Amino acid sequence: MRLPEAEIAAVVKQISGSDVKKCMKCGKCSATCPAYGEMRFHPHQFVTMVARGRVDELLKDETVARCLSCFACVERCPRGVEPANVVAAIRVIAEREQGGSNFVPDEVPGLIEADGEIPQQALVSAFRRYRK
Amino acid sequence: MTYSYYPGCTLKTKAKDLDFYGRECARALGVELEEIEEWQCCGAVYPVVRDEIATKLSAVRALMAARDEGRELLTLCSACHHVLTRVNHDMLTDPDVRAKANNYLKPQVPYAGETKVVHYLQMLRDEVGFDVLAKAVKNPLKGRKIGAYYGCLLLRPSKVMAFDDPEDPRIIEDFIKALGATPVVYAMRNECCGGYVTLKSEEQSRENVQRIIKNARNHGAEELITACPLCMYNLRKFGDGGMRIEYITELLYEALGLGSVQEPGTGADAGTPADAVCGAGLKS
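Chains as they are written, first to last, in the working numbering: chain A, 17 to 148; chain B, 206 to 489.
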């Protein structure tokens, strides 16, 4: 059973280590995000919504998997808010639910058959986004 | 100087060129790389969330192995370097992670982040010295216009990685200069190639790579170099073929006059699908 929304928001703040209240809404994180056009919610929205305790919509959004974890937003945030860590916390909480994984092991043989050059690094990375 | 060396899973399989030429060049420059025993895959992605412990343990084991040898831990792969550096930072600064990792691993001597993690490029700059390297170059790469592709993992977050200026890095440009070639600075050299979403969202990676290559070409780059096997894969796969992409160690090997580097896909990196299935660190 899922926790109440406010409690999940508290967990997000805790495991992301991000002080979302420090955000001054400059939007630099989203401006610099290379996955901006791929994600339904953008880095600055993750920060604001978590600050307001609104995490249910974020948890339902599958495009969270498009975040590249490139840390451009973390590097360029003038307030040290670390938006990518907030995105990661949301993604991890979604993945930890049964069936919440973005990656399924059964996909791997087909991927390798289609492209034998796929480096191990890509497969191992993808499995970091896998939970049973 | 002797370093403990952590190759990582991909350097044993798809990125053998990054590993092989790196070892050969280190030997030629008088640097010993001693591979640590029974290392395990670092996981390739640093677990950002604070309550992840198990996913950090293989990195802690590698860091401890170097500590026990009294050496610095050297890496070549950008992802391994990123994971090992950040986990080490956690062990040094986060009492919760440190306590839990030590409770689980029960090492004879508890680990608290003592190991210094060094990237191959930092070894070239700080131990060998780019001036000494320049003198060791037997085959200067004169006239070649080469762009450094840093990507994200070596540079960010700079507070922890402390690799170079995250927005205006110069270590790879200085490396290119030492080899006698002309470094080409372009705006997108530190933007992400699309990383591992390439498996699930190919178009996203393709768009990123094409923007990067176009930007490099517009600034005059005729070839690019990288230290990351995943960047290499994405750049080669989604590039237009007109831009040559090489590992930093291949360029170094050529400049040191140790031999010619084989064309992509015919050398040590030409694996079979079976290599990929064999997985992390198991196949050498």
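Hints in this document: simulated from the structure, not taken from any laboratory.
None of these values were measured; they are calculated from a predicted model.
Keep in mind that a hint or two might mislead.
Residues from chain B that keep clear of chain A, each with C-beta distances beyond 10 Å, as calculated [what the hints assert, rightly or not]: (1) Val254; (2) Asn308; (3) Pro362; (4) Gly400; (5) Val466.
Distance condition first, Cα-Cα at most 30 Å in a straight line; then the derived DSBU-like pairs of lysine-lysine [stated by the list, open to error]: (6) Lys221/B to Lys311/B; (7) Lys44/A to Lys347/B; (8) Lys343/B to Lys221/B; (9) Lys343/B to Lys44/A.
Away from chain A, derived, C-beta distances all over 12 Å, residues of chain B [said to hold, decoys possible]: (10) Glu242; (11) Pro315; (12) Leu346; (13) Lys382; (14) Leu461; (15) Gly462; (16) Gln467.
Ideal placement from N, C-alpha and C gives every residue a C-beta, glycine not left out.
Status of the hints after comparison with the structure:
1. Val254: 4 Å, violated
2. Asn308: Answer for Asn308/B: holds, closest chain A Cβ roughly 19 Å.
3. Pro362: 5 Å, violated
4. Gly400: Not fine: 5 Å to the nearest Cβ puts Gly400/B too close to chain A.
5. Val466: 18 Å, holds
6. Lys221/B to Lys311/B: 34 Å, violated
7. Lys44/A to Lys347/B: Given that 30 Å is the threshold and the Cα spacing comes to 40 Å, the pair is violated.
8. Lys343/B to Lys221/B: 24 Å, holds
9. Lys343/B to Lys44/A: Between Lys343/B and Lys44/A the Cα gap is close to 46 Å, so the pair fails against 30 Å, i.e. violated.
10. Glu242: Consistent with the label, Glu242/B stays out of reach of chain A, its closest Cβ about 20 Å off (over 12 Å).
11. Pro315: Non-interface label on Pro315/B holds, nearest chain A Cβ at 23 Å vs cutoff 12 Å.
12. Leu346: 26 Å, holds
13. Lys382: The assertion about Lys382/B holds, with a minimum of 25 Å to chain A.
14. Leu461: 26 Å, holds
15. Gly462: Answer for Gly462/B: holds, closest chain A Cβ roughly 29 Å.
16. Gln467: 15 Å, holds
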